[in-house]
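J.: Here are the chains, one letter per residue:
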Amino acid sequence: MAAVRVLTHVSRVPRPGARPSTAVAPIAFALLVACGLGCGRTSPPGAASGGDAARGAVVFALAGGCGCHTPDGGPPGAGGTEIPTPFGTFHSTNLTSDREHGLGAWSDDEIDRAIRRGELRDGSVESPVMPYYRYAGMSDHDARDLVAYLRTLPASPAANRPAEGELPLPRLAYRAWRLLFAGRTTAPAEAPAAGVERGAYLARHVAICGDCHTPRDRFGVSIPALEHAGVPGGGPLPWAPNVTPDRETGVGDWDESDLSNLLETGFTPEYDNVQGAMAEVVEGKAGAPGYARAPASDRAAIAAWMKTIPAIHRVVRKDGADPAGATAPAATEEKRA
Amino acid sequence: MTQSIRSTSGSWARAIAATALVAAIAVPATARAQAAEKHDGHALPAGPIHDRHEIMEDMGRAAKAIGGALKAGKPADAAAPATDIAAKIDDFLKLFPDGSTGHGSRAKAAIWSERAKFDSIGADLEVKATAVADAAKSGGDVKAASNAMFGDCKSCHDQFREPEQGE
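If you read the sequences in order, they're chains X and E. Going by the working numbering, the first residue of the first sequence is number 1, and it counts up by one from there. Going by the working numbering, the first residue of the second sequence is number 1, and it counts up by one from there.
The set of hints was computed from the structure by calculation and includes no laboratory data. Any given hint could turn out to be false.
Mimicking PhoX-like on lysine-lysine, the simulated pairs with C-alpha atoms at most 20 Å apart in a straight line are [what the hints assert, rightly or not]:
(1) E:K71 <-> E:K143
(2) E:K154 <-> E:K143
(3) E:K108 <-> X:K318
(4) E:K117 <-> E:K154
(5) X:K307 <-> E:K71
(6) E:K117 <-> E:K94
Facing chain X, from chain E, some residues (calculated, C-beta under 8 Å) [to be verified]:
(7) A63
(8) D90
(9) F150
Some chain X residues judged to face chain E by a derived CB distance under 7 Å, without partners named [stated by the list, open to error]:
(10) P157
(11) E270
(12) Y271
(13) D272
(14) Q275
(15) K318
Each residue gets a CB set at the ideal place from its N, CA and C atoms; glycine is no exception.
With these hints in hand, go ahead and build the complete structure from the sequences.
T.: Spelled out as structure tokens, the structure:
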């Protein structure tokens, strides 16, 4: 950090004779550095210790078994799954209790900060591929229990792999991204206990439905006006259907039992079964629990909440031929139904 | 206990950081977005891929009708759609000639390399669908029979159908 501060200091002094056009970049860079170092500070850590691992298993299931972190064939949480993005190809990290490659040597607070604030042990900020900004609203209690559960994952010696094709200066970029785009989400001490409120909480901050079902802008930021309105295929992001209650383009003609049934069995009302990523979060991966093993009342709460979100009329083509595109809300054909 | 992500930046800092990020991200991201706009939009041409797709759509509608009958507490209404599924599967299995891939088909190569297994699930589906129809006509346990039949749907999809792109 000291070296960066020096760089900041030097960059603030214009070189004699430097043309304004060449001076802009270093100044912008310096401000970005200063901003990244000084403006993205987070609140002090909460007490993440003393969680209940059994209850944490339920949180883990509701988080789709943290499926990104489990490789095909397991073991659960060992990481290494390839995640292609427009900003490089990332590899999920090892969450198991291995002391060298996993979280075994991390404190409870450190794990909590990584999940909910995107902070790593060395103080750097995670890439937004890890949706910490959605988990930021996870209750203190749920986070504490989730951490306790993660500690029970048998150690895997799988080494973490660096991303490929990242942006230049990734540490700065991710810190700036958090500053600009992560938003300010306040976590409750306790999650809502039941009903639509609980469904909203689970969908937004634990199951994080919108992370896959919402298109992103060119900065990788989910577009709020199109939350849950689907992502077209053929682009840099995986296809995901519109799950808003629009009757024509979404799931508006599904009733709550259809929705909760999919979260339990993976079957649509036509008894087609979801495959791929959705199947992984429903069934869990490599024996780890997914939505199917969460309490039925929680699946029902998510289903009830899904009936309450805004219906967005938006065709999401699987083949990428969608004139709407994935990243340009102004050019899309969606409208609020 | 409450945690939050906080920032104390002024708007100037956001503006400058945004500018820097634009420089870092916008160009490559735009290039990739343009590259991604290629598409394979198409209507299925006449032939086995089209025909089997149509049959699968019909079977989906029939399956939905069975689910609807169960939800409505009218299990007897499952008889007709179950009979429909049992009647269609034989034709469906004949619509996978060698080389019938492409055009967005999600058929896996395993259909041809493990043809006997593929056909056996189809044959079992006919048995299970007939059992649903029989249960519906005789006041039997339609739900249990249906779940057994739906298990064949899933089993075959998981083994012989590619996930949606990116799914």
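J.: Next, verify each hint and record whether it holds.
T.: Do the hints match the structure? See the list:
{"no.": "1", "hint": "E:K71 <-> E:K143", "result": "holds, 10 Å"}
{"no.": "2", "hint": "E:K154 <-> E:K143", "result": "holds, 16 Å"}
{"no.": "3", "hint": "E:K108 <-> X:K318", "result": "holds, 18 Å"}
{"no.": "4", "hint": "E:K117 <-> E:K154", "result": "holds, 14 Å"}
{"no.": "5", "hint": "X:K307 <-> E:K71", "result": "holds, 18 Å"}
{"no.": "6", "hint": "E:K117 <-> E:K94", "result": "holds, 14 Å"}
{"no.": "7", "hint": "A63", "result": "holds, 4 Å"}
{"no.": "8", "hint": "D90", "result": "violated, 19 Å"}
{"no.": "9", "hint": "F150", "result": "holds, 5 Å"}
{"no.": "10", "hint": "P157", "result": "violated, 30 Å"}
{"no.": "11", "hint": "E270", "result": "holds, 4 Å"}
{"no.": "12", "hint": "Y271", "result": "holds, 4 Å"}
{"no.": "13", "hint": "D272", "result": "holds, 6 Å"}
{"no.": "14", "hint": "Q275", "result": "holds, 4 Å"}
{"no.": "15", "hint": "K318", "result": "holds, 6 Å"}
Going down the numbered hints, you'll see the structure goes against 8 and 10, while the others check out.
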